[in-house]
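Colleague: Go ahead and model the full structure; you've got the sequences and the hints to work with.
Number of protein chains: 2
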Amino acid sequence: MSQTTMSAQALSTRFRFSSRGARLIGQEMFRVLDRAQILERQGHRVYHLELGNPRMAPPVEILEATRQSLEAQQIGYAPMAGISELRAALATRYARFTQEPVSESHVVISPANLLIHQFLDLTCNPGDRVVLFTPAFPSYWAAATHLELEVVPVPFAERDGFQLSHQAIEAALSAKPRAVIVNSANNPTGAVYDPAILRELVARCERAGVWLLSDETYADLTFDGSFVTLAAPRAGHVIAISSFSKVLSVPGFRVGYAIAHEAVAAKLALSNSTLYSCLPAFTQRGCLAGLSVLDRYAAEVRQRNARVTMACHEHITRSGLLRSTKAASGFYLFVDIRHTGLDDMEFCRRLLEEYHTAATPGRAFGEAYRSYVRLATCGAEEDVMEGVGRTVAFAQVLGGCRVQAA
Amino acid sequence: MSQTTMSAQALSTRFRFSSRGARLIGQEMFRVLDRAQILERQGHRVYHLELGNPRMAPPVEILEATRQSLEAQQIGYAPMAGISELRAALATRYARFTQEPVSESHVVISPANLLIHQFLDLTCNPGDRVVLFTPAFPSYWAAATHLELEVVPVPFAERDGFQLSHQAIEAALSAKPRAVIVNSANNPTGAVYDPAILRELVARCERAGVWLLSDETYADLTFDGSFVTLAAPRAGHVIAISSFSKVLSVPGFRVGYAIAHEAVAAKLALSNSTLYSCLPAFTQRGCLAGLSVLDRYAAEVRQRNARVTMACHEHITRSGLLRSTKAASGFYLFVDIRHTGLDDMEFCRRLLEEYHTAATPGRAFGEAYRSYVRLATCGAEEDVMEGVGRTVAFAQVLGGCRVQAA
Numbered sequence: 001m002s003q004t005t006m007s008a009q010a011l012s013t014r015f016r017f018s019s020r021g022a023r024l025i026g027q028e029m030f031r032v033l034d035r036a037q038i039l040e041r042q043g044h045r046v047y048h049l050e051l052g053n054p055r056m057a058p059p060v061e062i063l064e065a066t067r068q069s070l071e072a073q074q075i076g077y078a079p080m081a082g083i084s085e086l087r088a089a090l091a092t093r094y095a096r097f098t099q100e101p102v103s104e105s106h107v108v109i110s111p112a113n114l115l116i117h118q119f120l121d122l123t124c125n126p127g128d129r130v131v132l133f134t135p136a137f138p139s140y141w142a143a144a145t146h147l148e149l150e151v152v153p154v155p156f157a158e159r160d161g162f163q164l165s166h167q168a169i170e171a172a173l174s175a176k177p178r179a180v181i182v183n184s185a186n187n188p189t190g191a192v193y194d195p196a197i198l199r200e201l202v203a204r205c206e207r208a209g210v211w212l213l214s215d216e217t218y219a220d221l222t223f224d225g226s227f228v229t230l231a232a233p234r235a236g237h238v239i240a241i242s243s244f245s246k247v248l249s250v251p252g253f254r255v256g257y258a259i260a261h262e263a264v265a266a267k268l269a270l271s272n273s274t275l276y277s278c279l280p281a282f283t284q285r286g287c288l289a290g291l292s293v294l295d296r297y298a299a300e301v302r303q304r305n306a307r308v309t310m311a312c313h314e315h316i317t318r319s320g321l322l323r324s325t326k327a328a329s330g331f332y333l334f335v336d337i338r339h340t341g342l343d344d345m346e347f348c349r350r351l352l353e354e355y356h357t358a359a360t361p362g363r364a365f366g367e368a369y370r371s372y373v374r375l376a377t378c379g380a381e382e383d384v385m386e387g388v389g390r391t392v393a394f395a396q397v398l399g400g401c402r403v404q405a406a
Numbered sequence: 001m002s003q004t005t006m007s008a009q010a011l012s013t014r015f016r017f018s019s020r021g022a023r024l025i026g027q028e029m030f031r032v033l034d035r036a037q038i039l040e041r042q043g044h045r046v047y048h049l050e051l052g053n054p055r056m057a058p059p060v061e062i063l064e065a066t067r068q069s070l071e072a073q074q075i076g077y078a079p080m081a082g083i084s085e086l087r088a089a090l091a092t093r094y095a096r097f098t099q100e101p102v103s104e105s106h107v108v109i110s111p112a113n114l115l116i117h118q119f120l121d122l123t124c125n126p127g128d129r130v131v132l133f134t135p136a137f138p139s140y141w142a143a144a145t146h147l148e149l150e151v152v153p154v155p156f157a158e159r160d161g162f163q164l165s166h167q168a169i170e171a172a173l174s175a176k177p178r179a180v181i182v183n184s185a186n187n188p189t190g191a192v193y194d195p196a197i198l199r200e201l202v203a204r205c206e207r208a209g210v211w212l213l214s215d216e217t218y219a220d221l222t223f224d225g226s227f228v229t230l231a232a233p234r235a236g237h238v239i240a241i242s243s244f245s246k247v248l249s250v251p252g253f254r255v256g257y258a259i260a261h262e263a264v265a266a267k268l269a270l271s272n273s274t275l276y277s278c279l280p281a282f283t284q285r286g287c288l289a290g291l292s293v294l295d296r297y298a299a300e301v302r303q304r305n306a307r308v309t310m311a312c313h314e315h316i317t318r319s320g321l322l323r324s325t326k327a328a329s330g331f332y333l334f335v336d337i338r339h340t341g342l343d344d345m346e347f348c349r350r351l352l353e354e355y356h357t358a359a360t361p362g363r364a365f366g367e368a369y370r371s372y373v374r375l376a377t378c379g380a381e382e383d384v385m386e387g388v389g390r391t392v393a394f395a396q397v398l399g400g401c402r403v404q405a406a
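Those protein sequences? They're chains A and B, same order as listed. Quick note on our numbering: the first sequence kicks off at 1 and runs consecutively. Quick note on our numbering: the second sequence kicks off at 1 and runs consecutively.
Hints were generated in silico from the structure; no laboratory data involved. These numbers come from a predicted model, not from an experiment. Please note that the accuracy of each hint is not assured.
What the hints assert, rightly or not - These stretches of chain B come out as covered by chain A in the derived footprint (C-beta under 8 Å, 3 or more residues):
no., segment
1, 50-56
2, 275-287
3, 294-303
4, 362-371
5, 390-398
Where is the CB? At the ideal position from N, CA and C, for every residue including glycine.
Modeller: Here is the structure:
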């Protein structure tokens with residue numbers, strides 16, 4: 001055995017990482033979180049706006065069902081596609097919204113973040129093109145980069161409120177991609193797309209033989225209570241994914257799901273088995289209980305998010321120096337910081353080190369967004385307002401003064 | 001939207017899966033489990049010998065700490081490398097066994113099955129060779145196949161008790177692999193390798209610039225209480241992995257860990273973040289509590305496993321028709337069924353359908369093992385004995401009579 005530690009550089013020369021290993025970029029907000037937690041261990045109070053980490057208490061039903069499942073020692077292996085009861089309950093729920101039958105065989109349980117990776121892994125070969133409408137959730141970039149895909153960014157126009165348009169669909173399909181990812185309600189902009197335009201995207205992808213991932217993680221959280229899913233097991237090319245993390249305030253449970261053609265669902269289950277065997281049964285039991293109260297609970301979450309996110313939007317807008325999206329869903333604001341004179345990395349670094357406020361740099365959503373940061377408004381309300389206040393204060397120090405009243 | 005369901009065949013023609021997607025094989029024992037659970041839903045009592053799914057009650061400390069963590073609402077995102085306390089506790093534990101310091105920066109928490117995949121993904125490019133000493137745990141095959149690697153099987157000699165030998169190491173290195181996987185204590189044979197030979201493997205891999213994964217999932221469960229780890233963060237090329245699933249009887253928690261050079265550990269953490277963000281904090285809290293009683297609890301598990309596994313071995317051997325390994329660790333028997341006249345798939349299929357006893361076909365451990373099945377002896381003792389009894393009874397029906405007394 002070696003007596004001295006090999007340096008990281010010597011290691012990578014002697015024992016090279018794979019090209020995929022070299023292309024791992026992770027998720028920027030988890031790096032911010034790691035740094036924030038170091039500050040916290042040093043005794044600082046940190047205001048967390050970097051992660052969509054809801055701090056509302058989850059439905060008591062979830063915690064109670066999880067506890068009962070643990071007490072019943074449901075701690076063995078579970079089916080690779082997820083527990084049957086949860087798959088069946090989701091099928092019943094989605095059948096309310098789709099124009100077609102949905103059954104247990106169309107539903108696979110897996111963490112939603114991993115499902116992005118599993119989708120791209122199942123459908124794309126290295127070098128294949130995947131379209132991301134940008135700004136786009138960092139995990140899409142991380143998964144596509146890791147899997148050596150060519151990302152074709154199709155930017156939304158900010159002047160149109162970052163909406164999905166005919167032109168964007170045209171641009172997406174003209175890139176001749178193998179797959180397209182669409183995300184309504186959107187992270188980070190909070191935009192909700194017109195259902196007719198979404199249906200056009202589904203139809204255009206079908207005609208072109210293009211796989212479509214519909215990330216619906218925030219679809220249950222539109223402020224007006226509307227809910228649109230693109231789940232369409234019959235068609236075969238649409239994989240709809242969602243998560244219990246945001247709508248039930250249990251991100252740490254790591255339970256999400258996909259709804260897809262049964263041949264795709266079978267592949268996803270095999271992928272589960274190959275990668276990690278199965279998920280815990282007791283967290284799935286918890287989410288099953290949460291699902292039974294989802295409609296009532298989501299209504300509370302939407303109301304809370306609409307109020308807090310709007311208040312933050314107004315506070316930011318009043319600053320005159322920062323501009324922010326006016327979200328219609330979820331709990332994010334995508335904030336334009338260009339008038340501060342700093343780029344996103346430097347802005348976020350100093351905001352964290354000097355103001356103890358954690359935010360996510362815009363470039364995590366696409367290289368073009370270096371003059372943006374994302375703020376999450378789902379923390380404890382007082383902390384969110386304090387963090388947003390500090391962000392505005394920092395911007396004002398940078399800008400010297402308020403440049404224009406809103 | 002389509003009005004009729006696209007057939008699976010039409011789907012795969014119109015919307016092709018990727019080549020990796022086509023190469024997903026999953027884990028055979030989870031397919032057996034799925035079929036077994038269908039029989040159970042039909043009202044049959046099934047004897048589960050297919051999965052290493054321990055049914056001993058886990059330490060109460062684990063369930064209690066998990067419950068407390070849930071009660072404290074530790075249900076937000078956690079650090080991508082795992083919670084700091086668990087990483088530090090594992091570092092302290094392993095420093096007892098290694099000849100060198102181990103710190104938190106060398107430890108990453110992730111499901112052990114996924115760590116196999118993450119290891120191969122980080123270190124090997126498509127087409128690279130990876131050596132598996134066979135018979136080898138199905139997940140190695142599944143991960144390597146999925147990642148388009150070339151598996152070089154180096155078979156152990158059954159007459160030597162499936163032991164790691166100088167010759168096997170020579171054969172492994174002469175294949176000029178990018179990576180080697182070694183698994184002592186072994187699944188499925190229960191063999192424990194000579195520490196001197198293991199050290200030779202470590203040194204030979206280091207000299208040849210070959211990555212080495214040491215899967216030590218069963219190292220805490222050698223019947224004689226010996227414990228050998230190859231963890232060697234200084235050297236850089238050894239990644240030791242293990243799991244709480246078997247030693248603490250909590251397979252459904254899905255918590256394992258890797259100990260590696262800090263540059264490798266950092267890559268693994270990035271892989272976690274890219275793939276699935278993080279694990280639940282509350283399951284990690286549970287395992288942290290379990291770790292504090294691991295030595296005492298593992299001693300009980302070893303004693304129980306030695307007794308039950310030996311009893312099963314004797315019962316099988318007495319049959320005259322079947323031969324089985326004499327395990328020195330863990331809770332598996334690798335059983336030679338060649339005298340029954342059936343191959344492994346047909347034997348397992350009929351054993352399940354006719355005798356309601358689930359076993360894993362030998363070919364899941366390598367194509368060469370079509371005349372073997374693996375039996376897991378970690379279930380409830382009565383059920384295990386009944387399942388083994390049924391396996392022997394089936395073999396005797398097939399063999400017509402007892403061919404020779406043991």
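Colleague: Look at each hint and say if it fits the structure.
Modeller: Here is how each hint holds up against the structure:
{"no.": "1", "hint": "50-56", "result": "holds (count 4)"}
{"no.": "2", "hint": "275-287", "result": "holds (count 9)"}
{"no.": "3", "hint": "294-303", "result": "violated (count 0)"}
{"no.": "4", "hint": "362-371", "result": "violated (count 0)"}
{"no.": "5", "hint": "390-398", "result": "violated (count 0)"}
Going through the hint list in order, the structure does not satisfy hints 3, 4, 5.
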